[in-house]
Amino acid sequence: MVTIGGTGVMVLGALAAGLAAVLLALAVRRRLGTASAVSVSGLLWSLAAIGLVTLVPTRADVGIVPAETRSESCSWDYGGPSGAAFEVLGFDQRTLNVLLFVPAGMFLVLAVGRWWSGVALAPLGLAALAAYSLGIELTQLQLARLDRACDVTDMVDNVLGAGIGFAIGLLLLPVVRPWRGRRTAE
Numbered sequence: 001m002v003t004i005g006g007t008g009v010m011v012l013g014a015l016a017a018g019l020a021a022v023l024l025a026l027a028v029r030r031r032l033g034t035a036s037a038v039s040v041s042g043l044l045w046s047l048a049a050i051g052l053v054t055l056v057p058t059r060a061d062v063g064i065v066p067a068e069t070r071s072e073s074c075s076w077d078y079g080g081p082s083g084a085a086f087e088v089l090g091f092d093q094r095t096l097n098v099l100l101f102v103p104a105g106m107f108l109v110l111a112v113g114r115w116w117s118g119v120a121l122a123p124l125g126l127a128a129l130a131a132y133s134l135g136i137e138l139t140q141l142q143l144a145r146l147d148r149a150c151d152v153t154d155m156v157d158n159v160l161g162a163g164i165g166f167a168i169g170l171l172l173l174p175v176v177r178p179w180r181g182r183r184t185a186e
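So in UniProt numbering, spot 2 of the sequence shown is number 2, and the numbers just go up one at a time.
No lab work stands behind these hints, which were simulated from the structure alone.
The model shown is predicted, which means the values in this text are computed figures rather than measured ones.
Glycine residues also receive a C-beta, built at the ideal position from the N, C-alpha and C atoms.
A hint or two may mislead.
Distance windows between CB atoms, simulated [said to hold, decoys possible]:
id, residue 1, residue 2, range
1, L171, G8, 21 to 29 Å
2, L12, W179, 18 to 26 Å
3, T139, R29, 28 to 36 Å
4, Y78, L12, 27 to 35 Å
5, A20, W179, 23 to 31 Å
6, T34, G8, 29 to 37 Å
7, V9, R29, 29 to 37 Å
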């Protein structure tokens, strides 16, 4: 049986997605301007990285989780015991869940900030990030092979992270000014 998982696979996948994002930014830079190209590519990279970190099994040796031992529903125990069970670089799982979504919220604002329609698109995008988090949790519930758990705490932390990133993006918007990179045909 071939198994894929672990932090090495997550990091390698995130690096590969980062390389693809850089190539995309270079390809669309002339059309969108540097700030918008980096923002759109950064948003796509962050979405890919979130998918990798949340949907790749934490260990390569997980194996198949028997159907009778898998959870049948999401945990509604807010702040439950899973937060302290996992730690990376001194950060607990709850902090990591928040930090994971910060770049997506920030890049979202900067990506749509070049257009006036961004005033409507940015809040819709924030709602889409919340839906993405819900989709990930439901996928973790359905795919027992991942050995992951659907947890309302994760969804709240993810949306909090997206909201923090959204606020950072709003603060950076006047500095980055993605609208100035537009080129007009002369």
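Q: Report the numbers of all earlier hints that the structure fails to satisfy, in ascending order.
A: Violated hints: 1, 2; rest satisfied.
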